[in-house]
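Asker: Protein chains in written order, with this note's numbering: chain S, 1 to 313; chain Y, 1 to 313; chain D, 1 to 313.
Rather than coming from a laboratory, the hints here were simulated on the basis of the structure.
A quick note: this is a predicted structure, and the numbers were derived from the prediction, not measured.
Warning: the hint list may mix true and false statements.
One copy or two, it doesn't matter: identical chains are merged, so the pair holds either way.
[Unchecked claim] Under the rule of at most 20 Å between Cα atoms (straight-line distance), these lysine to aspartate or glutamate pairs were calculated in the EDC-like manner:
#	residue 1	residue 2
1	154	27
2	9	37
3	183	220
4	154	10
5	42	101
6	42	213
7	183	27
8	183	242
9	154	101
10	154	34
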Amino acid sequence: MNAESWHRKDLLGIADLSPEEIRLILDTAESFREVAERPIKKVPTLRGKTVINLFFESSTRTRSSFEIAEKRLSADNMNFSTSGSALEKGESLVDTALNLEAMSPDLVVIRHRAPGVPHLLAARLRSGVINAGDGAHEHPTQALLDAFTIRRHKGRLDGLTVTIVGDIEHSRVVRSNIHLLTKMGSRVRVAGPRTMLPPALEALGVEVHTELEPAIAGADVVMMLRIQLERMNRKLFPSSREYFQRFALTRERLGAAREDAIVMHPGPMNRGVEIASDVADGPQSVILEQVAAGVAVRMAVLYLLSGVREEEG
Amino acid sequence: MNAESWHRKDLLGIADLSPEEIRLILDTAESFREVAERPIKKVPTLRGKTVINLFFESSTRTRSSFEIAEKRLSADNMNFSTSGSALEKGESLVDTALNLEAMSPDLVVIRHRAPGVPHLLAARLRSGVINAGDGAHEHPTQALLDAFTIRRHKGRLDGLTVTIVGDIEHSRVVRSNIHLLTKMGSRVRVAGPRTMLPPALEALGVEVHTELEPAIAGADVVMMLRIQLERMNRKLFPSSREYFQRFALTRERLGAAREDAIVMHPGPMNRGVEIASDVADGPQSVILEQVAAGVAVRMAVLYLLSGVREEEG
Amino acid sequence: MNAESWHRKDLLGIADLSPEEIRLILDTAESFREVAERPIKKVPTLRGKTVINLFFESSTRTRSSFEIAEKRLSADNMNFSTSGSALEKGESLVDTALNLEAMSPDLVVIRHRAPGVPHLLAARLRSGVINAGDGAHEHPTQALLDAFTIRRHKGRLDGLTVTIVGDIEHSRVVRSNIHLLTKMGSRVRVAGPRTMLPPALEALGVEVHTELEPAIAGADVVMMLRIQLERMNRKLFPSSREYFQRFALTRERLGAAREDAIVMHPGPMNRGVEIASDVADGPQSVILEQVAAGVAVRMAVLYLLSGVREEEG
Numbered sequence: 001m002n003a004e005s006w007h008r009k010d011l012l013g014i015a016d017l018s019p020e021e022i023r024l025i026l027d028t029a030e031s032f033r034e035v036a037e038r039p040i041k042k043v044p045t046l047r048g049k050t051v052i053n054l055f056f057e058s059s060t061r062t063r064s065s066f067e068i069a070e071k072r073l074s075a076d077n078m079n080f081s082t083s084g085s086a087l088e089k090g091e092s093l094v095d096t097a098l099n100l101e102a103m104s105p106d107l108v109v110i111r112h113r114a115p116g117v118p119h120l121l122a123a124r125l126r127s128g129v130i131n132a133g134d135g136a137h138e139h140p141t142q143a144l145l146d147a148f149t150i151r152r153h154k155g156r157l158d159g160l161t162v163t164i165v166g167d168i169e170h171s172r173v174v175r176s177n178i179h180l181l182t183k184m185g186s187r188v189r190v191a192g193p194r195t196m197l198p199p200a201l202e203a204l205g206v207e208v209h210t211e212l213e214p215a216i217a218g219a220d221v222v223m224m225l226r227i228q229l230e231r232m233n234r235k236l237f238p239s240s241r242e243y244f245q246r247f248a249l250t251r252e253r254l255g256a257a258r259e260d261a262i263v264m265h266p267g268p269m270n271r272g273v274e275i276a277s278d279v280a281d282g283p284q285s286v287i288l289e290q291v292a293a294g295v296a297v298r299m300a301v302l303y304l305l306s307g308v309r310e311e312e313g
Numbered sequence: 001m002n003a004e005s006w007h008r009k010d011l012l013g014i015a016d017l018s019p020e021e022i023r024l025i026l027d028t029a030e031s032f033r034e035v036a037e038r039p040i041k042k043v044p045t046l047r048g049k050t051v052i053n054l055f056f057e058s059s060t061r062t063r064s065s066f067e068i069a070e071k072r073l074s075a076d077n078m079n080f081s082t083s084g085s086a087l088e089k090g091e092s093l094v095d096t097a098l099n100l101e102a103m104s105p106d107l108v109v110i111r112h113r114a115p116g117v118p119h120l121l122a123a124r125l126r127s128g129v130i131n132a133g134d135g136a137h138e139h140p141t142q143a144l145l146d147a148f149t150i151r152r153h154k155g156r157l158d159g160l161t162v163t164i165v166g167d168i169e170h171s172r173v174v175r176s177n178i179h180l181l182t183k184m185g186s187r188v189r190v191a192g193p194r195t196m197l198p199p200a201l202e203a204l205g206v207e208v209h210t211e212l213e214p215a216i217a218g219a220d221v222v223m224m225l226r227i228q229l230e231r232m233n234r235k236l237f238p239s240s241r242e243y244f245q246r247f248a249l250t251r252e253r254l255g256a257a258r259e260d261a262i263v264m265h266p267g268p269m270n271r272g273v274e275i276a277s278d279v280a281d282g283p284q285s286v287i288l289e290q291v292a293a294g295v296a297v298r299m300a301v302l303y304l305l306s307g308v309r310e311e312e313g
Numbered sequence: 001m002n003a004e005s006w007h008r009k010d011l012l013g014i015a016d017l018s019p020e021e022i023r024l025i026l027d028t029a030e031s032f033r034e035v036a037e038r039p040i041k042k043v044p045t046l047r048g049k050t051v052i053n054l055f056f057e058s059s060t061r062t063r064s065s066f067e068i069a070e071k072r073l074s075a076d077n078m079n080f081s082t083s084g085s086a087l088e089k090g091e092s093l094v095d096t097a098l099n100l101e102a103m104s105p106d107l108v109v110i111r112h113r114a115p116g117v118p119h120l121l122a123a124r125l126r127s128g129v130i131n132a133g134d135g136a137h138e139h140p141t142q143a144l145l146d147a148f149t150i151r152r153h154k155g156r157l158d159g160l161t162v163t164i165v166g167d168i169e170h171s172r173v174v175r176s177n178i179h180l181l182t183k184m185g186s187r188v189r190v191a192g193p194r195t196m197l198p199p200a201l202e203a204l205g206v207e208v209h210t211e212l213e214p215a216i217a218g219a220d221v222v223m224m225l226r227i228q229l230e231r232m233n234r235k236l237f238p239s240s241r242e243y244f245q246r247f248a249l250t251r252e253r254l255g256a257a258r259e260d261a262i263v264m265h266p267g268p269m270n271r272g273v274e275i276a277s278d279v280a281d282g283p284q285s286v287i288l289e290q291v292a293a294g295v296a297v298r299m300a301v302l303y304l305l306s307g308v309r310e311e312e313g
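Bound-form chain S, shown alone (with noise of 0.2 Å):
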C-alpha cells in the first residue's frame, strides 16, 4: 500500500484501521521525521490548506503537537477552543462544525470529552475529520506514535510483548493502544488495580493482571500511564503512596522485564506517583522520543488526508 491508494477522508479510531493502513501512516512518519532534524524545518506539502485545530478538552500536548505538525507542513492553522466560542451562546456542537466548515478548511482535528464526537461530526463534514481524543474511547494518533516508537526501537511490532500499567478503564490511549498492538501482531498485556480495570477485556485478545511483577516479566515495552490523581476521591485507590507501593515502576521492577526493554509514557508525568523519576529518566526511557514521534506521525496523518494527491495527480 502506497500514499496513493489511501482513500480515507477521516482518521477516527485505530479500530477502523487495516494492518496496512497501519504500515502506510508509520512509514509516511519515517520520511517527515527527519525534518525536526533539519535547519529549515518546514516542507511546502501543505501550503494554502487550512486546518482547524478545535480542541473542547484543553492539552497543551496534543494541540501544540498538532500544531507545530501543521506549520512544518506549511498549512495555515486556527485554534478553536470551548471558551468564548459559540457553545457557550448555546449552539448545537454540529452547527458550530458546520459554521466553522462553511470557511471551507480542508481538516478539522477535534478533541471532545464525550465519546463519539469526531464520528458524529465527520457523517456531517466533507472535510477531513481527525479525532484527537474523545472520551475514554480513542486517541489513534497516540497510539500511532507509540507504535512508532516501539518499531523504531525493535524494528518491528509482530511478537513482542508489550505492558500497559495503569487505569485502564478511562483510558483513550490504552483503547487504541490494544487495537493497534493486536492488530500488529504484539502481545498485550495489561495491569492495574481491580477497580481501574474494565470487565470483558480479556475478549480483545489482552492478558490481564492484577499485580504488576508477573505483567512485566519478560516484557519487550513497558508502557506506564498517568493516574488520574483528582480519581482518587473517588476510591478507585486508597492513596498516592499505596498507589506507588503497588504499581509504580521503579528500577528495581523493571529488572524483571527484558533486559533491552523499553520504557514508555504518554505524558505527562506523576513522578513518584505512577512512575519513579529515575526510571523516568533512565537510559530505557523513550519518553521524550515519544513526544518527537507525535509530529512525526500527525505530520504523516495530516498529509495522508489532506488529499494533496488526488488534487495534484
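Once you've looked at the hints, dock chains Y and D against the given chain S.
Answerer: For chains Y and D alone, kept in the frame of chain S given last:
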C-alpha cells in the same frame, strides 16, 4: 469606481459608505470568493502586512472569519483578547491601541461592547481600523456579507423586499443591514415584539411590524435574528416558548413569502426559538453560504483598506 | 564584535553580557528597525525555525512584541500560557519544557513569576532560551530596548545621567537597566519611597534618592516605572493621590532635568499616578518609540541566538 479610487483608511460602519463603495466591496469579494474553492486557498496579496485582531468581546465566528481571511491573503496576524491584556492592569483603551500601533500594524480589527470605540481609535491611529462590531451600533462586515449572499441569489439588491425579524432594538446586525439595504434600493421591513422595537424606526425608511405574518408576506428575503435568551429574564418577552409561537420562522409561515425567498440568519441559531430546525436546514436556507461569504467579504475589505495598490503603484 | 562572533545559546540577563555583546545587539537591532517601515514588513531570516513563547505570567505587551518580531523574521511560532497546560495537571516545569523541546524548537521565550526559571531551563534545554521576565530579577530585552531608544536620541550611552523613579525593589526592569546602563558608562540615579527601595543598592553603583527633585536635576533621561496599584493595600505607600504628589513626573518637575531630557516608561502607564498625562503625551516623551524599539531589539536577539549563521556558513 474601482480599487484604485478607494480612499478610506477605515471601515467603521455602513452609514458612511456610498452605494458605489458598497458595490466595490461586493465586486471585490466576488473575485476573492473562488479562492476558498481552490486546492491552494492562498494568495500573496497581503504578504508582509500585519493585522491585529483586537477583540474585547469574545466571538468565535467573526474572529475566525477574519483570521481565515487574513491567512488566505498571506498577512501576518495576531490576536488580542481582553483577558490577560494590559487593560486589566488599568491601562486605557487608547493607550493599549497606541501601544499596539507602535509595533506598526497595517490594520487593526476591533470588536468592543461600547458603541463608537472603533471610531475613537480610528481617529487616533495611523493604521486602518475595521469595526467588527461595536455594541448595538454597527457591524458593517456582517451587513456586507448578507448583501453579498442576497445579491448572489437574487442578482441584485434594488427592488427587493427584505424582512428582518427579532430583537431589532439591540442588534448591530440589523442597524448595519438597514443602512446598507435602503442605500441599495431594497425595501426593508422589521418585525418583533413591541418591547424589542426601538422608537422612531420609521425615520430610517423601514416598515415596522409587531406581527410576523404581514411582515413576511411577499418577501424576497427573510432574515431571522438570534434571540438573546439571557434577555428573557429582563422581561422583554415572557418565554422562549411564547416567542417561538409568535415570531419563529416555521415552514408554514415561510409559505407567505415569495416562493423563491431565501432564509438568512447571522448565527449562532437557537433552533426551536427563533427558527424551526427544518427551515434552518431546508432548501431555502442560505445560512451556511453567509458564513462562506463572510470570508470573501473580509478578504475584500482587508485588501481595499491595506493600501496595497498605492504602495505598489 | 560582529554577528559571527556571537556565541551565547541563551539570553538570560544583562548581568552576564559584556559591553561588546550589548553593543552588538543594539547595532543588529538598528538594521532590523527599518523593516517595520517597509511596505513588506518581513524578512526570510528565520524561515523554518520554530519559536515557542512560554508565558507563565500574562503579558499582552511583551508577548505581542516577541510574536511580531518572530513573524517579521518568518519564524513559525507557538504560544503557550499556563491556563490549559499540563502544569495544571501537576507536571513539573522542567518536564513541560523538556516535552516542548522534544518537538525541536530552535528557541524558547519564557516569562515566569519565579526568578531563575529561565536559567534552570537553559541548563536543561538544547534550544536557546530567552528570558522575557523572571519575577523581580531580570527582563533583559526591556533594558535593551530602553538602551536602544536612549542611544537613538542621545547618540551614546556613556556619560549620560539616567534617573529611574518608582518601585525600585520589585522591578525587574530597573534591575536589568541598572546592569546595562552602568556597564555602558551611564550614571544611574534611582528614586522612590523608602519602602520601595531595596537595601544595598549603592553596591550596584547607583545613586539613591528618596525625594524626586534632586534625582531629576540635570538628568538626560527620566524613566518612570509603573506603580502596581495592588501593592497599595500592602501599605508600601498610603494612596495613589499621595504617590502622585510626591513622585509623579509632572511638567513642572521635568523642568529640573536637562532641557533635552527624554521621558521613558515601560508601560502600561497609570496616568495621573506615576506620570501626568501631559508629560506622557508631551514632546519629550519617547514612550511609544520604546514599543517600536522592542520589536527591533527582539528581532535582533532572536536572530543572534538562532544560530542561523553557523548552519548556513
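Asker: When the structure is checked against the list of hints, which entries are broken? Sort them ascending.
Answerer: 4, 6, 8, 9
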